[in-house]
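Here the protein sequences line up with chains A and B, keeping their order. Under the numbering used here, residue 543 is the last one in the first sequence; the count climbs by one each step, no gaps. Under the numbering used here, residue 349 is the last one in the second sequence; the count climbs by one each step, no gaps.
FYI, nobody ran anything at the bench for these hints, they're computed from the structure. From a predicted model like this one, the values you see are computed outputs, not experimental measurements. Every residue, glycine too, gets a C-beta built ideally from N, C-alpha and C. One thing to keep in mind: the hints can contain errors.
Stated by the list, open to error - Once the Cα atoms are required to be at most 27 Å apart in a straight line, the calculated BS3-like pairs of lysine-lysine come out as: (1) Lys-242/B / Lys-389/A; (2) Lys-389/A / Lys-347/B; (3) Lys-371/A / Lys-116/B; (4) Lys-299/B / Lys-420/A; (5) Lys-347/B / Lys-432/A; (6) Lys-242/B / Lys-369/A; (7) Lys-243/B / Lys-389/A; (8) Lys-423/A / Lys-219/B; (9) Lys-389/A / Lys-219/B; (10) Lys-317/A / Lys-281/A; (11) Lys-100/A / Lys-299/B; (12) Lys-355/A / Lys-243/B; (13) Lys-299/B / Lys-371/A; (14) Lys-219/B / Lys-70/A; (15) Lys-331/B / Lys-389/A; (16) Lys-423/A / Lys-331/B; (17) Lys-420/A / Lys-219/B; (18) Lys-369/A / Lys-243/B; (19) Lys-281/A / Lys-299/A; (20) Lys-371/A / Lys-219/B.
To be verified - Reference excerpt, derived from the structure (chain B facing chain A, CB under 8 Å, subset only): (21) Tyr-195; (22) Arg-217; (23) Ala-226; (24) Ser-230; (25) Ala-237; (26) Gly-238; (27) Gly-296; (28) Pro-324; (29) Phe-325.
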Amino acid sequence: MENNILVLNEVSKSFPGVKALDKVSFAVKEGTVHALVGENGAGKSTLIKILAGIYQAEEGTVAFDGEKVCFRTPYESQCKGLSVVHQELKLSETLSVTENIFMGNLMYKGKFVDWKGMRTKARELLDQYSMTMDVNEPVSNLSIAQKQMIEICKALNHKCRLLIMDEPSATLTEREQKIMFETVRKLRSNGVTIIYISHRLEEIFDLADNVTVLRDGKHIATMPVSDIDKHSLISMMVGREMVNEYPKEKFEVGETVLEVKNLCRKGVLNDISFSVHKGELIGIAGLVGSGRTELARAILGIDKIDSGEVLLYGKPVKVKNFRTAINHGCGLVPENRKSQGLVQIGSVNDNICMVNMDMFIHSGLINNKMQKETSREYVEKLNISTPSVETEVQYLSGGNQQKVVIAKWLLKGSNIIFLDEPTRGIDVGSKSEIYLLINDLIRHGKVVIMISSELPEILGMSDRILVMHEGTLKGELTREEATQEKILELCV
Amino acid sequence: MKAEASVQVNKKNVGNQILGKFATFTKSYAIILAIFILGIVFSFASPYFLTYNNLRNILQQTTALAIVVIGQAMIVTTGNFDMSLGQNVCLTSCICAWLIKFGGFNPWIAILAALLVGTSVGAFNGLLVAYGDIPAFIVTLGSQMIARGFAKIITKASPIPGMPEEIQFIGRGFIGGSKYGIPISVVIMLVLFLIFTVIMQRTKFGRNLYAIGGSSEAAYFAGINVKKHKALTFIIAGALCSVGSIILLTRLDSAALTNGNLYEFDSMISCIIGGISLTGGRGKLIQGLFGTIFLTLFFNGMTMLNVDPFVQDVLKGCVLIGAVVIDVVRNKKR
Numbered sequence: 052m053e054n055n056i057l058v059l060n061e062v063s064k065s066f067p068g069v070k071a072l073d074k075v076s077f078a079v080k081e082g083t084v085h086a087l088v089g090e091n092g093a094g095k096s097t098l099i100k101i102l103a104g105i106y107q108a109e110e111g112t113v114a115f116d117g118e119k120v121c122f123r124t125p126y127e128s129q130c131k132g133l134s135v136v137h138q139e140l141k142l143s144e145t146l147s148v149t150e151n152i153f154m155g156n157l158m159y160k161g162k163f164v165d166w167k168g169m170r171t172k173a174r175e176l177l178d179q180y181s182m183t184m185d186v187n188e189p190v191s192n193l194s195i196a197q198k199q200m201i202e203i204c205k206a207l208n209h210k211c212r213l214l215i216m217d218e219p220s221a222t223l224t225e226r227e228q229k230i231m232f233e234t235v236r237k238l239r240s241n242g243v244t245i246i247y248i249s250h251r252l253e254e255i256f257d258l259a260d261n262v263t264v265l266r267d268g269k270h271i272a273t274m275p276v277s278d279i280d281k282h283s284l285i286s287m288m289v290g291r292e293m294v295n296e297y298p299k300e301k302f303e304v305g306e307t308v309l310e311v312k313n314l315c316r317k318g319v320l321n322d323i324s325f326s327v328h329k330g331e332l333i334g335i336a337g338l339v340g341s342g343r344t345e346l347a348r349a350i351l352g353i354d355k356i357d358s359g360e361v362l363l364y365g366k367p368v369k370v371k372n373f374r375t376a377i378n379h380g381c382g383l384v385p386e387n388r389k390s391q392g393l394v395q396i397g398s399v400n401d402n403i404c405m406v407n408m409d410m411f412i413h414s415g416l417i418n419n420k421m422q423k424e425t426s427r428e429y430v431e432k433l434n435i436s437t438p439s440v441e442t443e444v445q446y447l448s449g450g451n452q453q454k455v456v457i458a459k460w461l462l463k464g465s466n467i468i469f470l471d472e473p474t475r476g477i478d479v480g481s482k483s484e485i486y487l488l489i490n491d492l493i494r495h496g497k498v499v500i501m502i503s504s505e506l507p508e509i510l511g512m513s514d515r516i517l518v519m520h521e522g523t524l525k526g527e528l529t530r531e532e533a534t535q536e537k538i539l540e541l542c543v
Numbered sequence: 016m017k018a019e020a021s022v023q024v025n026k027k028n029v030g031n032q033i034l035g036k037f038a039t040f041t042k043s044y045a046i047i048l049a050i051f052i053l054g055i056v057f058s059f060a061s062p063y064f065l066t067y068n069n070l071r072n073i074l075q076q077t078t079a080l081a082i083v084v085i086g087q088a089m090i091v092t093t094g095n096f097d098m099s100l101g102q103n104v105c106l107t108s109c110i111c112a113w114l115i116k117f118g119g120f121n122p123w124i125a126i127l128a129a130l131l132v133g134t135s136v137g138a139f140n141g142l143l144v145a146y147g148d149i150p151a152f153i154v155t156l157g158s159q160m161i162a163r164g165f166a167k168i169i170t171k172a173s174p175i176p177g178m179p180e181e182i183q184f185i186g187r188g189f190i191g192g193s194k195y196g197i198p199i200s201v202v203i204m205l206v207l208f209l210i211f212t213v214i215m216q217r218t219k220f221g222r223n224l225y226a227i228g229g230s231s232e233a234a235y236f237a238g239i240n241v242k243k244h245k246a247l248t249f250i251i252a253g254a255l256c257s258v259g260s261i262i263l264l265t266r267l268d269s270a271a272l273t274n275g276n277l278y279e280f281d282s283m284i285s286c287i288i289g290g291i292s293l294t295g296g297r298g299k300l301i302q303g304l305f306g307t308i309f310l311t312l313f314f315n316g317m318t319m320l321n322v323d324p325f326v327q328d329v330l331k332g333c334v335l336i337g338a339v340v341i342d343v344v345r346n347k348k349r
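Can you make the complete structure from the sequences, with help from the hints?
As structure tokens, this is what we get:
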């Protein structure tokens, strides 16, 4: 008979003006991988924070291992055996692996810290999960995947019985993801219960035993993963029928718009050459660290190049800084939407118009009215969900924020738009809208170059796929010939 | 999708929005309320307090600092701060006075020279912070000490008194007669606030400063020349220091090492109390003005109540800490 390790009963939580959780009730069976899915804003974060002890529920009860609990601090929850591996890793970069694993939980020999004991224990934990890193290594030297492992060991060290993993695969490469999945399975076989939050539904079907769907703060359903398929799951998350996940449209291919010849940057890019034509969506695939973002940055003048040429509409252009690239019609939707794509405390209006202020200036002063009207136009055009153009973008959902970034370049009239991980961390519904937007861009004669770590996305949307590997352009595949295996082969 | 998503966002964010607007409103105008309350409290302590002359006097006292606050506010908006503003004022006062008294220069040429010096100090700061990538705290601490050193050299540590009549009107003159008129220094201050408010709110330069303060990375990725803008804020602040220092010099009628003393802290406190956040990207210049008025009023009142000047020093430190705490709490609520 399986034991319910966690039972939520009518848990509610409000913030000023928002009901984040509305009488949520469900149970998690011990020793299972329990997936938690829902669009951004569905209430997943709030729920985790309540379980972790960062927030407290206003109504309802949480029972952990049969006992009613109300954690006031993360420390309380950890001591009881409930730990969280957050999406943004909470490690101390300058401290060693051992120190991080034992953070807040040091071993003592009498009055003094037992370094030897801790190092031994740390080594044991790491070996259990086939990790080879040195226990004295400063954490800053580790890769993100390795850091995540340290977080997991930290949790295990607290005799963790329920581990909550928040978007663990978002920042990992394919290979690292596979290792992480193995770890999750191992944890499960060791009796640890895992609540697994992810936007990547393929993972859910691969790893999880049960799944809970939240929508708008309400519990929609909890069921074994085997009882549902991806299509229905998406429908439940989104509340409506989702037709086509990757709405690809083919457009007529025209002149060469961008040509890159023998681009080199010592240690980063090796002799890269390719060309992009009007009407094309080029996907750039590769592992994390293969140089994809660096390639975009080099073409756009953000980083200096050692040698090579960039030709726009057939003419060689000396791109000495990003502003030059912008003036030649290039745009960039950066990887990090929060800190690079938008000024978070700025309004929708401010952000949309930021690149193209000159358009609103008459005799030295900005025409505020004209600016707002133009912003409203674009909000409508792109279907951006916001109470007003004066709303600060930080209050918008990820998908809508991304639309604001794209609107920025549309307003500028950029013809060559680079997208770096455009749908990362964005819910299913908004993803689809972004794809339709991308189609629109190409329909209007613009060229889109999309860097993505999501192979289904690359395969679903690209006309041609460039695969990067350690700074070299390993291969080029057309839409017709590309498969996930072929791309992966080139990636490694 | 649109209707549902709108409803979804509206439900969650209209609440936040209304609260946000209300909070901004009270934050912007809280300082005015505080000024009124302070005025009322002090009026009980002395019947002379609420007279036109006294209030006009207090306003005159704020002018030099308020003009410096414009510069500091612009720098703070981009996420930096300038520790050298006080000694910049001191140095430019001293140079101007020395050129007039000992150099025999025409006072207007001396003023021009002072403006040049103030702007150069600003340029020094701006270039090192923006292009040298050195933290503003360190650069301006250094230039603060350098400026003071030069001021000491020039004055040989003794005040230079007695400015010529032709420029005295700047700090002491009135428009509309000395009985009921408006001080020229106040007019200069208000005009400068008007000009720079327009710059901050209605020009590309000003809006870019807000963008940089919000996120200099995002500003860069929007094509803004972040370094140039940051450098310019320091240069402008330096220039404004010299304007403030001339007003101070002609009002006090003397250049001493005490001119502009601690203006960098006072300007910071004024910005924060007024509602301009230290983290940058927010706040209107006018809030800085109200903050300055509050600060000057506060310490004016202290003096009137015969509070020991050393106790006032302690109070000033407390006010600074209090202001920063309020700022942090305000930011947490966001």
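Each hint, compared with the structure:
no., hint, result
1, Lys-242/B / Lys-389/A, "holds (21 Å)"
2, Lys-389/A / Lys-347/B, "holds (18 Å)"
3, Lys-371/A / Lys-116/B, "violated (51 Å)"
4, Lys-299/B / Lys-420/A, "holds (19 Å)"
5, Lys-347/B / Lys-432/A, "violated (34 Å)"
6, Lys-242/B / Lys-369/A, "holds (21 Å)"
7, Lys-243/B / Lys-389/A, "holds (24 Å)"
8, Lys-423/A / Lys-219/B, "holds (15 Å)"
9, Lys-389/A / Lys-219/B, "holds (23 Å)"
10, Lys-317/A / Lys-281/A, "violated (44 Å)"
11, Lys-100/A / Lys-299/B, "violated (35 Å)"
12, Lys-355/A / Lys-243/B, "holds (19 Å)"
13, Lys-299/B / Lys-371/A, "violated (35 Å)"
14, Lys-219/B / Lys-70/A, "violated (39 Å)"
15, Lys-331/B / Lys-389/A, "violated (38 Å)"
16, Lys-423/A / Lys-331/B, "violated (43 Å)"
17, Lys-420/A / Lys-219/B, "holds (15 Å)"
18, Lys-369/A / Lys-243/B, "holds (21 Å)"
19, Lys-281/A / Lys-299/A, "holds (20 Å)"
20, Lys-371/A / Lys-219/B, "holds (23 Å)"
21, Tyr-195, "violated (35 Å)"
22, Arg-217, "holds (4 Å)"
23, Ala-226, "holds (5 Å)"
24, Ser-230, "holds (5 Å)"
25, Ala-237, "holds (4 Å)"
26, Gly-238, "holds (4 Å)"
27, Gly-296, "holds (5 Å)"
28, Pro-324, "violated (40 Å)"
29, Phe-325, "violated (40 Å)"
When each numbered hint is compared with the structure, violations occur for hints 3, 5, 10, 11, 13, 14, 15, 16, 21, 28 and 29.
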